[in-house]
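Visitor: Sequence:
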Amino acid sequence: MVANSLYWTTADLDAMPDDGGWLRHEIIEGELFVSRAPHISHQRVAGKIQVRLENWSETTQLGSSFQAPGVVFTPTDAVIPDVVWASKARLERGIDAAGHFTIAPELVVEILSSGEQNEQRDKSVKLKLYSRYGVQEYWIVNWQLQTLEIYRRTDAQLQLVATLLAGDTLTSPLLPGFSAEIDRIFS
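Residue numbering for the sequence shown follows the numbering used here, starting at 658 and increasing by one per position.
Honestly, the hints are just simulated from the structure, not real lab data. Even glycine gets a Cβ: it sits at the ideal position worked out from N, Cα and C. Keep in mind that a hint or two might mislead.
[What the hints assert, rightly or not] Derived DEER-like restraints, expressed as beta-carbon distance ranges:
1. Asp825 x Gly677: 35 to 41 Å
2. Thr666 x His696: 17 to 23 Å
3. Leu802 x Asp669: 32 to 38 Å
4. Ser844 x Glu749: 18 to 24 Å
5. Gln718 x Ser781: 17 to 23 Å
6. Ser836 x Asp675: 22 to 28 Å
7. Asp669 x Thr717: 38 to 44 Å
8. Gly677 x Ser836: 34 to 40 Å
9. Thr716 x Ser781: 33 to 39 Å
10. Thr666 x Ser692: 14 to 20 Å
11. Ala754 x Leu689: 37 to 43 Å
12. His696 x Thr820: 34 to 40 Å
The task is simple: from the sequences and hints, build the whole structure.
Guide: See the structure below:
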């Protein structure tokens, strides 16, 4: 944070006029990040991941997945991940009256948008944010390169454990019995 710079909060976001959904506003450590509505391929990949997670959730009854939910950790840390999965226990105690997560979902998925700033935000700034607030697993998906990076909590930090490519199968110890073929996520 630069000295004398503006420090944004969720109250500032609430006071902004509605832009019709064309822009996504997120705040991390009081810094405002604004991005445009994502590319349709970005949305398709997010939808496919969310559907696979939700189908698994309906079978196991262990939790639920959501696409683009609000996650408000504090008034100065509020983001909109592309997909999340949360256990029933976290859903019971971690949702506010406005329907936002107030605690970390176990799994967060970000689909990279074009541009160096967007990529840096997801791969560095949000990685640190999700580590700090207790996300157990973080998937960073590059729909253009058709890769999926898996970060898992180790020693209180999210650390890269695998990069999946075409031909690989996505599994997770967090989601017993869940699997998804990488090729099908990007097809």
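Visitor: Hint by hint, which ones does the structure fall short of?
Guide: When the structure is compared with the hints, numbers 2, 4, 5, 6, 11, 12 turn out to be violated.
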